[in-house]
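Each chain is listed here by its residues.
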Amino acid sequence: MVSKKNPPPSQQRRNPRSKKKRRALISKGTLFKLLFIILLLLGGATLYLDQQIRSQFEGKRWALPAKVFARPLELYVGAPVSLNDLKIELKALGYQFVDKVSAPGEVAFSASRATLSTRGFHFPDELEPARQLILEFSGDSLSQIRSADQQSLTLIRLEPALIGGIYPLNNEDRDLIQLEEAPQAFIDALIAIEDRDFYDHFGISPKGIARATLANIRAGAFVQGGSTLTQQLIKNFYLTADRTLLRKMLELPMAMLLEFHYSKDEILEAYLNEVYLGQSGNRAIHGFGLGAAHYFAQPIQELKLHQLALLAGLVKGPSYYDPRRNPERAKARRNLVLSVLHQQGSITDEEYMLASTAELDVVPAGSSMKEAYPAYIDLVKRQLRREYKDEDLGSEGLKIFTSLDPISQHKAETSLVSTIEDLGRTYGESLAKLQGSMVVTDPQTGEVLALIGDRNTRYQGFNRALDASRPIGSLVKPAVYLTALEQGYTLISELDDSPFSLTLPNQQTWSPKNYDGQPHGVVPMHEALTHSYNLSTAQLGMELGVEKVIDTLKRLGVDRPMDAYPSLLLGAQSLSTLEVASMYQTIAATGFQIPPRTIRTVTDSAGEPLSSYPFQLQKSIDEKPMFLLQYNLQQVTRSGTGRSIYQQLPININTAGKTGTSDQQRDSWFAGFTGNRLAVVWLGLDDNSPMPITGSSGALRAWTRYMAQEPLQSYEPVMPEGIEMLWIDPLSGKLADGLCENATQIPFISGTQPTETAACTTPEETFIDNPIKRSIDWVKDIFR
Amino acid sequence: MPITMHKMLFIMASLVMFLSACSTTPVSQRPAVESRDVPVSSPTTESAKTSPVPSQQANPQAMPLPPDKSTGTDIPATTPVPAPTNPAVLALLSDAEKYQQQGNMSAAQSRLQRAQRIAPSDPKVYYQLAKAHYELEDFRLAEQVALKGLSYAKGDNTELKRFWLLLAEIRTKKGDKAGAKTAREQAARY
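Residue numbers (my numbering), protein chains in the order written: chain U, 1 to 784; chain P, 1 to 190.
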C-alpha cells in the first residue's frame, strides 16, 4: 500500500493556471469582475478535482479479488512425496528447472535429490522463510531434508500455489506488488519506453509532447504518444475510457495535482498495479504483478531482462503486441525497449545481445494455474458464499487457503481423461461424448484434495461432480448391508438370491435381475455384496424396510430427501459424485461422518485470520457393524467385482470399495478408498444413453489408474472391541479350524458368531467330507 | 528481489529460531501429560505382522485379506502397533501446546490440524485436538475428536486411560452424567 501523505493545507488552494491577459477594449472594472469569476470557478474546479484525486488515491484504490491458494506441500522426513510428485508441485508453482540453483524459484534435480531455493510465504500462522533446501528421496517418500549449510530440518512448508481468484463485477484481476518488489531493470525499461522524463516532469511533459509530435509528423502517422505515466494513470484511474474533450481537458490539471500531492514513487507504484496488460477469457489482467504470472507463470522478481522488457513494451498495446497471438510484433516491441535501454547505457552490450536474441519465453495460453481448477474453485465459492457476501469476495483481497492438492489433482486428471479417451477409442461412436467426474478426499480428515467436473478439466461450465445427480446403482448396497449388520445379521447370514416380482403401488411390476442374468440360490451375505448380487440384496432390503435403508444412507451423510421406492435398494436414487464421496467417507472413517471440506482458513488481505474451518466429525454409526462392512468391501476389491484393482495396485495395499452400474448401464461408478485416499469416479453420457460399460469396466479403470500413481497407505481399520475374527467353513457356515480346506476368516460381532463346529475340524471327517463337498460344488456349478 | 536489511534480519532470525527449536530434544519441551517416553508394554501390542499365520492349511486364495493380517483368533488381526510419533508431528504438537498455554487457540489449532494431516492415525494428535476443543468449550466436538482418537489408541493402555479420563471430563462439562460415569469406569480398566 502506498503511504498516505497530506500536504500542508495552505498549499491546497494554489491554482497553477490563473493568469489572464488584459484587453484594452474592456473596461477595467468589467475585466476585474470577469477575472474574479474565472478565478473563482477555476479555483472551485481545482478544489473539487483535488478532493477527488486525494480521496481516491488514498482510499481503497482497487477492488481486490480474493486469492485462492492450494494446500502448501509439507516436507518432512517420511513425507509420502516422490521426486516426481515434487516436480508436479514445483511446476504448478512456476519454478524454473535449472542445472545450478542461484535464486528463489529455481530447482535442480539429480537422480534422487532435489536442490531448490524456496520463495518463502507468509502463512496465516507464521512466516515460512525463503531458503535453500536439499531434499533426498527414496522411492515414494522423502528421506532427508537439509539446509544449504547441511543442517537437517524437521518440517518445511513450500509456498502454496495460487489456484484461482474470485473477481469483482468488472472482472479486473490484479496481484498487488510494492515498488521495491519490481526489479530495477524493469523500472528502467518502463520509464525508458513510456516516459523517459518521468523523474523530472511535473505531471505533463512538454518535452515528451514535442518529441512525440515530431516523431508523428516524421512518420506521417500516430506512432508515439506524449502522455506521461502520470497522465496514463489519471486516465485509467479517474476518467472514463471515452475520448471526450472534457476528459482531455481534465487530464492535464489532474496529472499535475497528483504530482503535487504525491511522490514519484507513490505514483509509479500505483501505475505498476493499475496498468492493463491483457485479457484471459473475461478476466482482465491488471498490473505487472499479475502480468508476470499471466505471461511467464513466475513472480516478477524472478523474470529475466528479456521478459521484463517485453512486459514494459506491452503497455502500449496489450492486444496488438500480445506475445501469444502476435509473437513477431511482440518481439520487435521487446527489442525496441531493449535498444532504448542499450542506447541510454542502462544495459551493457552483452546484456543487450543476450536479451534481444532470446526467445519470448512466454508460457502457453491457458496454462495459468488460476484457471486450471474451475470445478474445485466452484466448490470453494459455494462453501464461501455461506458466510461471505459476493461483493466482499470480489473486492476485499481475501486470502482463501484450501486443501486442493495439485499433485493429486494432476494425477486424477490424467487418470480420468486418459481412461475416457481409451474407452472412446475402444467403443467408438457410442462413447465419443463420454463424460466423467471425480472427487478425491483424504479419508482421515475429510479434506477434498481434487475435484473434476468435466472431461475438459479446465472447462468453466457445468460441474458434474456437484451438479450432475445420477443413479448410483450398486453403490447403494453397502447401506443395505450395513442396515442388516446393525440389526443382527452376520456376514454369513444366508440370503435368498432367487427371482421375485413385486407389484408396486402404481401397479407396475418390479422384477429385478442379476447382472449375469442368473440367480445364485442361497448365498452367504458377504458373497452377495462381494459379487454385487441384485436379487438377494433387493430381498434383504425389503425385509429390512426401505425406510430403514434410507435412514442408514442419511447417517452415512447423504443429505437430501429420498423416496422410499423399492428400486432405491438397487440404486435408483440419484446422487452427485461429491455426495457419494461423503457417504463412503463415513464408511472409511468407521462411522464418523466427516463432511467434505475445501477451505482451511480465510484471512483478510493483511493475513489476519477471519475464519477457519476445523476438523468436524460426528459419530453416526456404531463401529462394530461398520467394521464388518469395511471387511466386506475389502473382499469386493480382493475377490469381487473390484478385483481388477490388483492387476495394478500392490498386493500389500488393502483397499475397499464398490462398483456401481445403473439401470441399462447409463452410469458407471466406482467408490473406494485406501488408508490415505478416497476417490469416487463417475462416467456417463450427458443425454443419459445406455453405455457398453459397467462400473468395473469403466469408472474402476480410472480409479485404479489414479490410485496406482499415488503413494498409497494400506487401509487398516482398527478392529473395535467386541469383534471376533473366526475361521469359518464356507460350506456349512460353521466354525472351522486350520484343518478345513477353504476356511475363511470372518469377523463377527460378539454374540452373533456361530457356535457349532464344522465337520471338517476333525481329521477323520475331512476324508469323508471332501467327496461330499466336491459333489455339492458340482451341483452348485450347474446352477451357476 | 531486493531484500531489505530488516527483512533479511528477520528471515535469519526466524531461521535461527527454527533451527534451535529443531535441535532441542523434543523431550525437554514436552509437558508432563505426554506419555510418549513411557515404554508401553501391554499384551495386545504384540506385532500382528510378525505373528506367524496360524493356519497353514487354510487356502490363501479363499482369504480376502492378505495373509499378514490373518493371525490367530486370540490376537485381533488389525491391532495397530503404536507407531513412534514422527519428529515433524512432535514439533507441531509441542508448538501447539505452547500456543495453547499462551491462549492463542487459533495458532494451536492450525498446528494441530497440520499434525493431523501428517499423522492422521496418531492418537496423541487427537488427544491434544480434543483438549483444545475442550478448552474452547466446544464439548460436542471435543467428545467426537476424543472418540476418534480413542479408536486409534487401541493397544496402548496409557493412551486409552488418558482418553477415557478426558472423555469423563468432557462429558461432565457437557452435563452427560451417565456418559461420564461410563468413561470413568473405562479409565479404571487400564
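Derived by calculation from the structure, the hints in this document are not laboratory data. Just so we're clear, the structure is a prediction, and the values are computed from it rather than from any experiment. Idealized CB from N, CA, C, for every residue including glycine. Please note that a few of the clues may not be correct.
[As the list claims (entries may be wrong)] Taking lysine-lysine and the DSBU-like style, the derived pairs with C-alpha atoms no more than 35 Å apart in a straight line are:
hint: 1; chain 1: P; residue 1: Lys98; chain 2: P; residue 2: Lys174
hint: 2; chain 1: P; residue 1: Lys181; chain 2: P; residue 2: Lys161
hint: 3; chain 1: P; residue 1: Lys174; chain 2: U; residue 2: Lys513
hint: 4; chain 1: U; residue 1: Lys264; chain 2: P; residue 2: Lys177
hint: 5; chain 1: U; residue 1: Lys554; chain 2: P; residue 2: Lys161
hint: 6; chain 1: P; residue 1: Lys98; chain 2: U; residue 2: Lys554
hint: 7; chain 1: U; residue 1: Lys619; chain 2: U; residue 2: Lys433
hint: 8; chain 1: U; residue 1: Lys331; chain 2: U; residue 2: Lys381
hint: 9; chain 1: P; residue 1: Lys181; chain 2: U; residue 2: Lys619
hint: 10; chain 1: U; residue 1: Lys381; chain 2: P; residue 2: Lys177
hint: 11; chain 1: P; residue 1: Lys173; chain 2: U; residue 2: Lys554
hint: 12; chain 1: U; residue 1: Lys331; chain 2: U; residue 2: Lys207
hint: 13; chain 1: U; residue 1: Lys304; chain 2: U; residue 2: Lys331
hint: 14; chain 1: P; residue 1: Lys98; chain 2: U; residue 2: Lys548
[Said to hold, decoys possible] Partial selection, computed: residues in chain U whose CB lies under 10 Å from chain P:
hint: 15; residue: Thr348
hint: 16; residue: Glu350
hint: 17; residue: Met353
hint: 18; residue: Pro443
hint: 19; residue: Thr445
hint: 20; residue: Asp563
hint: 21; residue: Arg600
hint: 22; residue: Asp604
hint: 23; residue: Ser605
hint: 24; residue: Ala606
hint: 25; residue: Phe615
hint: 26; residue: Glu623
[As the list claims (entries may be wrong)] Okay, the calculated bits of chain P under chain U, using three or more residues with CB under 8 Å as the criterion:
hint: 27; segment: 84-97
hint: 28; segment: 102-111
hint: 29; segment: 134-146
hint: 30; segment: 168-176
Structure-based check of each hint:
no., hint, verdict
1, Lys98(P) x Lys174(P), "holds, 26 Å"
2, Lys181(P) x Lys161(P), "holds, 14 Å"
3, Lys174(P) x Lys513(U), "violated, 51 Å"
4, Lys264(U) x Lys177(P), "violated, 70 Å"
5, Lys554(U) x Lys161(P), "holds, 33 Å"
6, Lys98(P) x Lys554(U), "violated, 40 Å"
7, Lys619(U) x Lys433(U), "violated, 41 Å"
8, Lys331(U) x Lys381(U), "violated, 39 Å"
9, Lys181(P) x Lys619(U), "holds, 20 Å"
10, Lys381(U) x Lys177(P), "violated, 42 Å"
11, Lys173(P) x Lys554(U), "holds, 29 Å"
12, Lys331(U) x Lys207(U), "holds, 28 Å"
13, Lys304(U) x Lys331(U), "holds, 15 Å"
14, Lys98(P) x Lys548(U), "violated, 48 Å"
15, Thr348, "violated, 20 Å"
16, Glu350, "violated, 23 Å"
17, Met353, "violated, 25 Å"
18, Pro443, "holds, 9 Å"
19, Thr445, "holds, 6 Å"
20, Asp563, "violated, 31 Å"
21, Arg600, "holds, 7 Å"
22, Asp604, "violated, 14 Å"
23, Ser605, "violated, 18 Å"
24, Ala606, "violated, 15 Å"
25, Phe615, "holds, 6 Å"
26, Glu623, "holds, 7 Å"
27, 84-97, "holds (count 5)"
28, 102-111, "holds (count 5)"
29, 134-146, "holds (count 3)"
30, 168-176, "violated (count 0)"
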